[in-house]
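Trainee: Read top to bottom, the protein sequences are chains Z and V. The opening residue of the first sequence carries number 289 in my numbering; numbering runs sequentially from there. The opening residue of the second sequence carries number 289 in my numbering; numbering runs sequentially from there.
I should point out that these hints are in silico values taken from the structure, not numbers from a laboratory. A few of these clues could be false.
Copies of the same chain look alike in the list, so a pair counts if it works inside one copy or between any two.
Claimed, not checked - Quick list of in silico lysine-lysine cross-link-like pairs, BS3-like style, CA-CA up to 25 Å: (1) 298 <-> 656; (2) 581 <-> 658; (3) 656 <-> 537.
Predicted model only: the values in this text are computed from it and were never measured.
2 protein chains.
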Amino acid sequence: MKYSYRIVAKDRLAKHAHMETVHGSIETPVFMNVGTAGVIKGAVSTDDLRAIGTQVELSNTYHLHVRPGDGLIRAFGGLHRFMNWDRPILTDSGGFQVFSLAGLRRIKEEGVHFHSHVDGRKIFMGPEESMRIQSNLGSTIAMAFDECPPALAERDYVEASVARTTRWLERCRAEMARLNSLEDTLNREQLLFGINQGAVYEDIRIAHARELAAMDLDGYAIGGLAVGETHEQMYHILDVTVPHLPEDKPVYLMGVGTPANILEAVERGVDFFDCVYPTRNGRHGHVYTGAGKLNLFNKQYELDARPIEEGCGCPACRSYSRAYIRHLLKAGEMLGMRLCVLHNLWFYNTMMREIRDAIDSGTYAEYKAKKLAGMGAARPDGN
Amino acid sequence: MKYSYRIVAKDRLAKHAHMETVHGSIETPVFMNVGTAGVIKGAVSTDDLRAIGTQVELSNTYHLHVRPGDGLIRAFGGLHRFMNWDRPILTDSGGFQVFSLAGLRRIKEEGVHFHSHVDGRKIFMGPEESMRIQSNLGSTIAMAFDECPPALAERDYVEASVARTTRWLERCRAEMARLNSLEDTLNREQLLFGINQGAVYEDIRIAHARELAAMDLDGYAIGGLAVGETHEQMYHILDVTVPHLPEDKPVYLMGVGTPANILEAVERGVDFFDCVYPTRNGRHGHVYTGAGKLNLFNKQYELDARPIEEGCGCPACRSYSRAYIRHLLKAGEMLGMRLCVLHNLWFYNTMMREIRDAIDSGTYAEYKAKKLAGMGAARPDGN
Numbered sequence: 289m290k291y292s293y294r295i296v297a298k299d300r301l302a303k304h305a306h307m308e309t310v311h312g313s314i315e316t317p318v319f320m321n322v323g324t325a326g327v328i329k330g331a332v333s334t335d336d337l338r339a340i341g342t343q344v345e346l347s348n349t350y351h352l353h354v355r356p357g358d359g360l361i362r363a364f365g366g367l368h369r370f371m372n373w374d375r376p377i378l379t380d381s382g383g384f385q386v387f388s389l390a391g392l393r394r395i396k397e398e399g400v401h402f403h404s405h406v407d408g409r410k411i412f413m414g415p416e417e418s419m420r421i422q423s424n425l426g427s428t429i430a431m432a433f434d435e436c437p438p439a440l441a442e443r444d445y446v447e448a449s450v451a452r453t454t455r456w457l458e459r460c461r462a463e464m465a466r467l468n469s470l471e472d473t474l475n476r477e478q479l480l481f482g483i484n485q486g487a488v489y490e491d492i493r494i495a496h497a498r499e500l501a502a503m504d505l506d507g508y509a510i511g512g513l514a515v516g517e518t519h520e521q522m523y524h525i526l527d528v529t530v531p532h533l534p535e536d537k538p539v540y541l542m543g544v545g546t547p548a549n550i551l552e553a554v555e556r557g558v559d560f561f562d563c564v565y566p567t568r569n570g571r572h573g574h575v576y577t578g579a580g581k582l583n584l585f586n587k588q589y590e591l592d593a594r595p596i597e598e599g600c601g602c603p604a605c606r607s608y609s610r611a612y613i614r615h616l617l618k619a620g621e622m623l624g625m626r627l628c629v630l631h632n633l634w635f636y637n638t639m640m641r642e643i644r645d646a647i648d649s650g651t652y653a654e655y656k657a658k659k660l661a662g663m664g665a666a667r668p669d670g671n
Numbered sequence: 289m290k291y292s293y294r295i296v297a298k299d300r301l302a303k304h305a306h307m308e309t310v311h312g313s314i315e316t317p318v319f320m321n322v323g324t325a326g327v328i329k330g331a332v333s334t335d336d337l338r339a340i341g342t343q344v345e346l347s348n349t350y351h352l353h354v355r356p357g358d359g360l361i362r363a364f365g366g367l368h369r370f371m372n373w374d375r376p377i378l379t380d381s382g383g384f385q386v387f388s389l390a391g392l393r394r395i396k397e398e399g400v401h402f403h404s405h406v407d408g409r410k411i412f413m414g415p416e417e418s419m420r421i422q423s424n425l426g427s428t429i430a431m432a433f434d435e436c437p438p439a440l441a442e443r444d445y446v447e448a449s450v451a452r453t454t455r456w457l458e459r460c461r462a463e464m465a466r467l468n469s470l471e472d473t474l475n476r477e478q479l480l481f482g483i484n485q486g487a488v489y490e491d492i493r494i495a496h497a498r499e500l501a502a503m504d505l506d507g508y509a510i511g512g513l514a515v516g517e518t519h520e521q522m523y524h525i526l527d528v529t530v531p532h533l534p535e536d537k538p539v540y541l542m543g544v545g546t547p548a549n550i551l552e553a554v555e556r557g558v559d560f561f562d563c564v565y566p567t568r569n570g571r572h573g574h575v576y577t578g579a580g581k582l583n584l585f586n587k588q589y590e591l592d593a594r595p596i597e598e599g600c601g602c603p604a605c606r607s608y609s610r611a612y613i614r615h616l617l618k619a620g621e622m623l624g625m626r627l628c629v630l631h632n633l634w635f636y637n638t639m640m641r642e643i644r645d646a647i648d649s650g651t652y653a654e655y656k657a658k659k660l661a662g663m664g665a666a667r668p669d670g671n
């Protein structure tokens, strides 16, 4: 068995699915916890991840390729063993980082020439290279190598880019099939998710979704959103695109997002998410609660003996007050960042469980309305 | 019961004692884990401390007075509740930091006028202020306010300084007796340790030790060592001074030191230690093993799949390789520092347990010789 994906419950378009992979099961909707360089930023260990209910860890192909190198990680038996995480891992393709982080770059039909952001050395990455790196990492789910055009790119550019992304996907699929057939490949059951693009052009999005659906992939991602368009545009693209993707396969909205974004996207049929918000915000002392975000640097928490959120079972709230965490943040003590990151990831992971429960009981619309209202309906876009 | 101190076993001058305090028991010799600002640096939580066998946490009166303020901590019910640690805490007097960290300062009979290293504001601290701050913190053991003269100070200066330190100790004792008699004092059983000074002048050290012993204090510290003198001078001062302190009371060698320093001092009758080496070294990727220190930044560990130390049960060694931790350190990921700090504190805490076991079985000399040889007898001074 390469994997299985079974819908446990549906509530209108929202679905709760059970996925079995070679690295264990995933209940969706799921928020993947982002560990760019093979670690969640903020001194969070994989022991911590187990304690906060993480289902899937996400790492970045580009970062790991540049440092410490995917060859090194392969020599260690893959990313799972390197970072001591035995549950599912999703690796992105490196494409997004190549386009957003790398220095001077040239996109050609064969792939992208660019310079490392660490030491400036020249690197070439195309569909085959991305697949080989991800095969070396041995992740559970590999992402196809795509181009992510700017949200506001011209129509002509987007059309040409999406056509190339489809050609690249064919090459990814062929290369992964070849790699998975080799005896010494680390994870011969590695899954491949294709990525829908098309910026905010709904006809391009729909046509591309249909093309991808016809390819019978292991899963389908929607990329190129949350990169500059409005939230309304994003929701609209989901409204028109998701219905053209197979319902009996996982749907992944890349790089999204705020709790409100996730609540809206689940309602539109999405089941995988990832975002740096909870970790990045945590490192800056911004923490999520059911009543909205708090900035623990604020003076008002100086004498606040309450946990970040009453009733929260995370490692920060079980043991420490807002005042103590604020003291740590003000003193530049790393533990302050760590506690905020742990709380935020717990908040996201817990919200996903609540979402699944609400779908199971057919009360998703009520749950979503109540959650949004609690977090402050006046600020639906706040991250 | 204010406290009890009972010698469990002796091996020549080395003693294993059992101490009972209002915050639980302490087995000595003990290494106190240093949490300057009410937290161990390196994203280490009190949950972590429990996991690595910490017996006593040490915090700095000066740092906590400056930020977040001892009044705030008192309002939270004391440092134990503020940082969520229910076992013994020792607070230093603030004296050492006043002399080493603070800006322009003036020492007078009543105390020291100085400027905060955080915001430059003027602060006055004398014996009474130090006792009041430590009483607000509610630590298990408070340290007397002393002056720590430079190791190589002139004899005249040291004599005058030690005489003043003794006068300050009398004032500390009176103020603590007053504070402990008040109904609303957080910890009315707070203990007071006096501090022996005298730089490297053995007659001054001895005379001062006798004066302190006559005062029948809760415990006796030896200060002003490991501040510039040689290790041989330090061991010599211990040789001549410790015999003049009561054997049936705890003896604390302040700010010491390397594993070798501790092994030598235990042999001379010391039972409390503290030092920033394991935490500071850990944050720089320097880790302790039975075969000496390793610098995990070194290229040689790039492909090293072994834990920091084979057989070590610390949270780092149980789960992660040298290569992975090196990757984290190179990538600037905080988890790398955290794992090294946890390992180093575990190493120190474990060595102290081995030391107690060796004293119990009357094999301390053999244990010490073997441990020193393993760590590299050629580098006894290496920290």
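Trainee: For every hint, state whether the structure bears it out.
Mentor: Results of checking the hints against the structure:
1. 298 <-> 656: within (15 Å within a copy, 67 Å between copies)
2. 581 <-> 658: within (16 Å within a copy, 56 Å between copies)
3. 656 <-> 537: within (23 Å within a copy, 64 Å between copies)
Of the numbered hints given earlier, the model fails none.
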